[in-house]
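Chemist: One letter stands for each residue in the lines below.
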Amino acid sequence: MLKPLGNRVLLEVIKEEEKTVSGLVLPESAKEKPQTAKVVAVGSGKVLEDGKRADMDVAVGDKVIFEKYAGSEVKYEGNEYLVVKDSDIIAVVE
Amino acid sequence: MLKPLGNRVLLEVIKEEEKTVSGLVLPESAKEKPQTAKVVAVGSGKVLEDGKRADMDVAVGDKVIFEKYAGSEVKYEGNEYLVVKDSDIIAVVE
Amino acid sequence: MLKPLGNRVLLEVIKEEEKTVSGLVLPESAKEKPQTAKVVAVGSGKVLEDGKRADMDVAVGDKVIFEKYAGSEVKYEGNEYLVVKDSDIIAVVE
Amino acid sequence: MLKPLGNRVLLEVIKEEEKTVSGLVLPESAKEKPQTAKVVAVGSGKVLEDGKRADMDVAVGDKVIFEKYAGSEVKYEGNEYLVVKDSDIIAVVE
Amino acid sequence: MLKPLGNRVLLEVIKEEEKTVSGLVLPESAKEKPQTAKVVAVGSGKVLEDGKRADMDVAVGDKVIFEKYAGSEVKYEGNEYLVVKDSDIIAVVE
Amino acid sequence: MLKPLGNRVLLEVIKEEEKTVSGLVLPESAKEKPQTAKVVAVGSGKVLEDGKRADMDVAVGDKVIFEKYAGSEVKYEGNEYLVVKDSDIIAVVE
Amino acid sequence: MLKPLGNRVLLEVIKEEEKTVSGLVLPESAKEKPQTAKVVAVGSGKVLEDGKRADMDVAVGDKVIFEKYAGSEVKYEGNEYLVVKDSDIIAVVE
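Chains as they are written, first to last, in this note's numbering: chain W, 1 to 94; chain B, 101 to 194; chain Z, 201 to 294; chain H, 301 to 394; chain X, 401 to 494; chain E, 501 to 594; chain G, 601 to 694.
No wet-lab data here; the hints were simulated from the structure.
Treat the hints with care, as some may be off.
As the list claims (entries may be wrong) - Here are the simulated DSS-like pairs of lysine-lysine, each with C-alpha atoms no more than 30 Å apart in a straight line:
#, chain 1, residue 1, chain 2, residue 2
1, B, LYS168, W, LYS63
2, Z, LYS252, B, LYS146
3, E, LYS552, Z, LYS252
4, G, LYS668, E, LYS575
5, H, LYS368, H, LYS346
6, X, LYS438, G, LYS668
7, Z, LYS215, B, LYS138
8, G, LYS652, E, LYS546
Claimed, not checked - DEER-style ranges, computed between Cβ atoms:
#, chain 1, residue 1, chain 2, residue 2, range
9, E, GLY561, H, LYS338, 28 to 34 Å
10, E, ARG553, Z, GLY278, 37 to 43 Å
11, X, LYS468, W, ALA59, 26 to 32 Å
12, X, GLU477, Z, LEU248, 50 to 56 Å
Stated by the list, open to error - So these bits of chain G aren't anywhere near chain X, every CB distance computed over 10 Å:
#, residue
13, MET601
14, ILE614
15, LYS615
16, LYS638
17, VAL640
18, LYS646
19, ASP650
20, ALA654
21, ASP655
22, VAL658
23, TYR676
24, ASN679
25, GLU680
26, SER687
27, ILE689
28, ALA691
Here the structure is a predicted model, which is why all the values come from computation and not from measurement.
Where a beta carbon is used, it is the ideal one built from N, C-alpha and C, also for glycine.
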């Protein structure tokens, strides 16, 4: 299992086919537009100046829209993930 | 439904035709000028250094003027939206 | 009515003719020099780290000098305004 | 009267002739070197994070040395002034 | 023994052969992608504004994924290490 | 007398001849290397976020080494001085 | 004696010959790699926002690894030193 650190979030990017089922559609030109993903794991939150941690805005299982090109790609046990900072997540699909 | 995170705001941009009805008119050359929109959803506010959240300056239903080119476009259930940070909103039309 | 957000101020720029009446004259070469305006509306103030708002340094009706090229132009009900941040206002003419 | 805002200071620049009287002489090559001025008006001070204002380091009547090219020029009732931030003032001549 | 300072972490980078054993596989094109390593030593944590130290997110023995090209290489008693800041560590492999 | 403001320090640069007497010698190639000076006057200190002032690390009469090219040159009553920020002072010669 | 200011540290760089004795070896290509040094003097620590000083992470006599090209070279009584900020020190050799 991968545990993201700080205010990072581990995402599983949702492919185009799944998106039409969920009702969320991205513009035809997908370039430089946000993308959707499922949250797989979340960090403990950013450390504040008083040493406490800020709450994370997303939880495991959330479907989210994130800034494209944000984060780092990682492969783990045959699966591809994306690790982004929570500030790169634009919105939760409820 | 899309729930914007942090200090983000979900906007539905108002087309030119609606604007003349509302009495608000943008300059002829619309390039690099602010635009009007209706607030569809607001985030919970930016996390402050003490862990609390700042109040959002806008509420659902507000008609606002925002910095053009700010934010990210998203499509959801056939509608186009814009997600901007609340600091990109210049004024509320009252 | 337009309500500026945060530390923004809604200005009505004063034309050259009015300036000679008020006794305030700008240099002949007006390029890259500050300009005068009347304050039409003020925001609620910048949110501080403790969640409170800083006081605004100007009030509705003030005649002010602001950094030229600062802010965004907006048109509303046939009038042209400028929205600047209060930090772009250099001085109040008393 | 012009009232500078925040941590701004209204200056009346001192011409070369006056300087030799005061005993303060600038290098022959005056380019990119600081200049002297008399303080005409001072702002209320920079707003700190707790909402209070920092004290201003200069007072009306002070003769000061400031960073050349700092600030904005303004004309008011036939006189030329310079508005600089107090952090652009290097020293007070006592 | 090397003791990293502040929020630095001493890493022993894991070679490709070990990775397939651990089940963690990096993309074929390893360029500009994160890498895995074992934590050998950790600093005391970043000094906060109140003079205390933030907790470190990793501990000695953790297997971690870090931003490639982050940090400084050091050799000590014949071994090669990498010293990175804890903010350059993306995730812990649990 | 010149009174430097904030965290500024008024320095009288020490010429090469004096340095050999004091036992402090700068590298032959003096370019982009620090220089020595005597502290002539110090400011009241940088204003902190709570409105108080930080202590200055140097006192009048200290012999100091400072970052070359830092600060602004001023002439006063026939003498040349340098005004630098205290953060540009590297060390005190005790 | 040289007393470094703030969070600065006075270092005596260790030559290659000494390093092999201490068991610490740098990569063959020494370019853009960290270097080792002995701590000769330490400053009083960085001033925090509440006016207190942060503790220094190193003490006189420590053998340290620092970021190459950091700091300023100074000569004093015939010896060459390097003054770096404590944040440029990567690790202590224990």
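Chemist: Under the constraints set out in the numbered hints, which ones does this structure not fulfil?
Modeler: Of the numbered hints given earlier, those the structure breaks are 4, 7, 10, 18, 19, 20, 21, 22, 26, 27, 28, listed in rising order.
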